[in-house]
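S.K.: Model the full assembly from the supplied sequences, consistent with the hints where possible.
Protein chains: 2
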Amino acid sequence: MKTGFIGLGGMGTGMARNIAQAGLLSGLYNRTAAKAHSLAGELNVPAYERPALLAADMDIVLICVSADDDLLGVINAIAKALKPGSIVVDMSTVSRFTAKTAAALLAEHRVDFLDAPVSGGVEGARNGTLAMMVGGSAETLEKARPVLETMCSRIAHMGETGAGQATKAVNQILCAGINEAVTEALAFAEAQGLPMEKVIEVVSGGAAGNWFLDRRGLTMTRGVFAPGFKLALHHKDLKICQEMARQAGISIPLADVTVADYQKLMAQGYGDEDISALYRLKKPAAKASGEN
Amino acid sequence: MKTGFIGLGGMGTGMARNIAQAGLLSGLYNRTAAKAHSLAGELNVPAYERPALLAADMDIVLICVSADDDLLGVINAIAKALKPGSIVVDMSTVSRFTAKTAAALLAEHRVDFLDAPVSGGVEGARNGTLAMMVGGSAETLEKARPVLETMCSRIAHMGETGAGQATKAVNQILCAGINEAVTEALAFAEAQGLPMEKVIEVVSGGAAGNWFLDRRGLTMTRGVFAPGFKLALHHKDLKICQEMARQAGISIPLADVTVADYQKLMAQGYGDEDISALYRLKKPAAKASGEN
Numbered sequence: 000m001k002t003g004f005i006g007l008g009g010m011g012t013g014m015a016r017n018i019a020q021a022g023l024l025s026g027l028y029n030r031t032a033a034k035a036h037s038l039a040g041e042l043n044v045p046a047y048e049r050p051a052l053l054a055a056d057m058d059i060v061l062i063c064v065s066a067d068d069d070l071l072g073v074i075n076a077i078a079k080a081l082k083p084g085s086i087v088v089d090m091s092t093v094s095r096f097t098a099k100t101a102a103a104l105l106a107e108h109r110v111d112f113l114d115a116p117v118s119g120g121v122e123g124a125r126n127g128t129l130a131m132m133v134g135g136s137a138e139t140l141e142k143a144r145p146v147l148e149t150m151c152s153r154i155a156h157m158g159e160t161g162a163g164q165a166t167k168a169v170n171q172i173l174c175a176g177i178n179e180a181v182t183e184a185l186a187f188a189e190a191q192g193l194p195m196e197k198v199i200e201v202v203s204g205g206a207a208g209n210w211f212l213d214r215r216g217l218t219m220t221r222g223v224f225a226p227g228f229k230l231a232l233h234h235k236d237l238k239i240c241q242e243m244a245r246q247a248g249i250s251i252p253l254a255d256v257t258v259a260d261y262q263k264l265m266a267q268g269y270g271d272e273d274i275s276a277l278y279r280l281k282k283p284a285a286k287a288s289g290e291n
Numbered sequence: 000m001k002t003g004f005i006g007l008g009g010m011g012t013g014m015a016r017n018i019a020q021a022g023l024l025s026g027l028y029n030r031t032a033a034k035a036h037s038l039a040g041e042l043n044v045p046a047y048e049r050p051a052l053l054a055a056d057m058d059i060v061l062i063c064v065s066a067d068d069d070l071l072g073v074i075n076a077i078a079k080a081l082k083p084g085s086i087v088v089d090m091s092t093v094s095r096f097t098a099k100t101a102a103a104l105l106a107e108h109r110v111d112f113l114d115a116p117v118s119g120g121v122e123g124a125r126n127g128t129l130a131m132m133v134g135g136s137a138e139t140l141e142k143a144r145p146v147l148e149t150m151c152s153r154i155a156h157m158g159e160t161g162a163g164q165a166t167k168a169v170n171q172i173l174c175a176g177i178n179e180a181v182t183e184a185l186a187f188a189e190a191q192g193l194p195m196e197k198v199i200e201v202v203s204g205g206a207a208g209n210w211f212l213d214r215r216g217l218t219m220t221r222g223v224f225a226p227g228f229k230l231a232l233h234h235k236d237l238k239i240c241q242e243m244a245r246q247a248g249i250s251i252p253l254a255d256v257t258v259a260d261y262q263k264l265m266a267q268g269y270g271d272e273d274i275s276a277l278y279r280l281k282k283p284a285a286k287a288s289g290e291n
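For the record, the sequence lines run as chains A and B.
Here the first sequence is numbered in numbering that gives the first Met the number 0, starting from 0 and rising by one per residue.
Here the second sequence is numbered in numbering that gives the first Met the number 0, starting from 0 and rising by one per residue.
Keep in mind that the hints were calculated from the coordinates and are not lab data.
Backbone N, C-alpha and C fix where the C-beta goes; we use that ideal spot for every residue, glycine too.
Be aware that one or more of the hints could be misleading.
[Stated by the list, open to error] Chain B regions said to be covered by chain A (calculated; three or more residues, Cβ under 8 Å):
#1 158-169
#2 191-202
#3 233-247
M.R.: In structure tokens form, the structure reads like this:
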């Protein structure tokens with residue numbers, strides 16, 4: 000089964016390397032051609048000049064781009080060129096409605112579609128340890144599974160088209176809420192003059208324990224915000240979540256607060272920092288101005 | 000070193016049993032005398048009729064009561080009776096200001112004080128696996144440690160008097176925020192029609208992973224709210240946190256939201272349920288009314 004890959008950002012590059020390492024990669028495309036040529040040389044596969052040319056050659060096309068419009072642009076560019084019976088797997092984080100639109104466009108050409116967003120970040124993409132949340136038919140997933148397993152340590156089939164994106168949205172909403180919770184609690188701890196390392200250690204061991212406190216707690220109180228997960232990207236994802244919530248008639252007030260907080264930080268030029276930079280808005284005032 | 004215990008609620012009973020099991024318990028007092036007599040018979044130690052009578056006989060007095068006023072009532076009752084050089088350890092969750100008041104009252108009688116709130120719940124108290132956050136002098140802690148170790152798997156010295164309570168407050172604020180985050184995200188997931196067991200499993204493995212989602216995620220979506228940690232007690236703790244935040248000049252907006260939410264639930268008669276009953280306010284409307 001010939002496999003092509005479109006979208007060689009931080010995530011896509013790691014993913015493509017792992018597919019190639021398993022001997023399953025047959026071609027690459029990237030909007031910025033230089034990146035595709037460099038990686039193609041390294042992995043000894045062709046770099047295509049246009050996505051449709053790649054699509055015509057493949058049985059399965061994997062996509063990893065940034066935003067909903069980017070994905071639909073790629074889908075429109077490749078739909079006609081794809082062979083009937085081939086499979087498109089989108090690993091970008093987009094709306095469940097966009098996933099449905101993509102699936103419908105491809106179905107017209109008898110091409111199957113999976114929405115398959117991942118979590119685990121650039122590190123997970125590099126190490127092949129991503130967690131993948133898949134929407135679409137179980138049969139299609141089984142066909143694609145040998146390729147997907149080269150990138151993932153866990154693949155969960157969540158339901159029909161869009162269910163993968165809906166699950167990713169749950170993850171992003173929860174990350175937002177936990178970010179608000181951890182930054183608020185640690186700012187309180189600093190305001191109480193507590194030894195932060197000890198606080199994080201003792202609190203981590205109990206009912207308030209969480210991944211984010213463990214991995215980002217101490218660095219945020221030290222003013223270190225190296226990504227990690229870029230704040231501007233989480234903001235983009237949460238805007239998608241807000242639209243999905245609106246259409247489902249459910250409110251997500253904590254995610255709404257996080258969107259507003261991220262907008263403040265982006266306006267101050269912190270969009271490329273890790274999401275833990277939310278601590279900038281929470282830390283005690285005396286610390287913020289360097290006094291005390 | 001003769002050890003007495005005051006306050007035999009759900010937590011205190013488990014704690015006293017573990018001290019007795021180590022052969023270190025010399026007496027009990029409880030406001031409701033019947034409870035003290037029953038446990039005293041089981042553990043083969045005397046039950047005292049008044050806290051001052053117990054205090055006069057002991058080298059170390061451990062206290063585990065509900066609220067700030069209860070603690071100060073006990074302290075006032077025992078202060079004069081205690082021998083100079085004896086130690087009082089309070090394991091209740093109260094304000095850091097109350098801890099300082101208690102320490103000052105006892106210092107007049109040359110009695111040392113530790114504020115030593117715990118986390119780990121009734122189960123941790125029963126199993127002797129509590130995490131303890133201690134404020135007060137390191138020297139006093141070392142004297143008390145053999146007794147405290149019979150109840151705890153972890154003892155962290157956080158700083159001077161009040162630092163134990165301040166750390167417990169951090170823990171309670173974080174629990175509140177995480178409760179808001181998890182209930183919001185799972186309500187969104189239900190509104191999207193996702194399979195909840197799979198969602199919780201896949202999300203738990205990533206950057207949004209946390210203890211509360213792991214242990215309370217599935218039960219809350221099934222409408223099971225057996226404590227756990229009683230909502231009315233968390234509400235009481237958060238009121239203390241609000242006062243500590245106000246005095247430190249820092250805002251804790253997420254904890255404020257949780258206090259308001261808990262008040263709604265308590266007004267509806269849910270105060271004795273687990274804190275995960277917050278999900279009652281978040282779950283999608285169709286589910287709430289049993290329709291769909």
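S.K.: Decide, hint by hint, whether the structure agrees.
M.R.: A quick look at each hint next to the structure:
Here's how the region 158-169 of chain B fares: 6 of its residues keep a CB closer than 8 Å to some CB of chain A, so the rule of at least three is met and the hint holds. Remark: the region 191-202 of chain B is confirmed as covered by chain A, as 9 of its residues place a Cβ nearer than 8 Å to a Cβ of that chain, reaching the required three. Against chain A, the region 233-247 of chain B contributes 4 residues with a C-beta closer than 8 Å to a partner C-beta. That satisfies the three-residue criterion, and the hint holds.
The earlier numbered hints are all upheld by this structure, with none contradicted.
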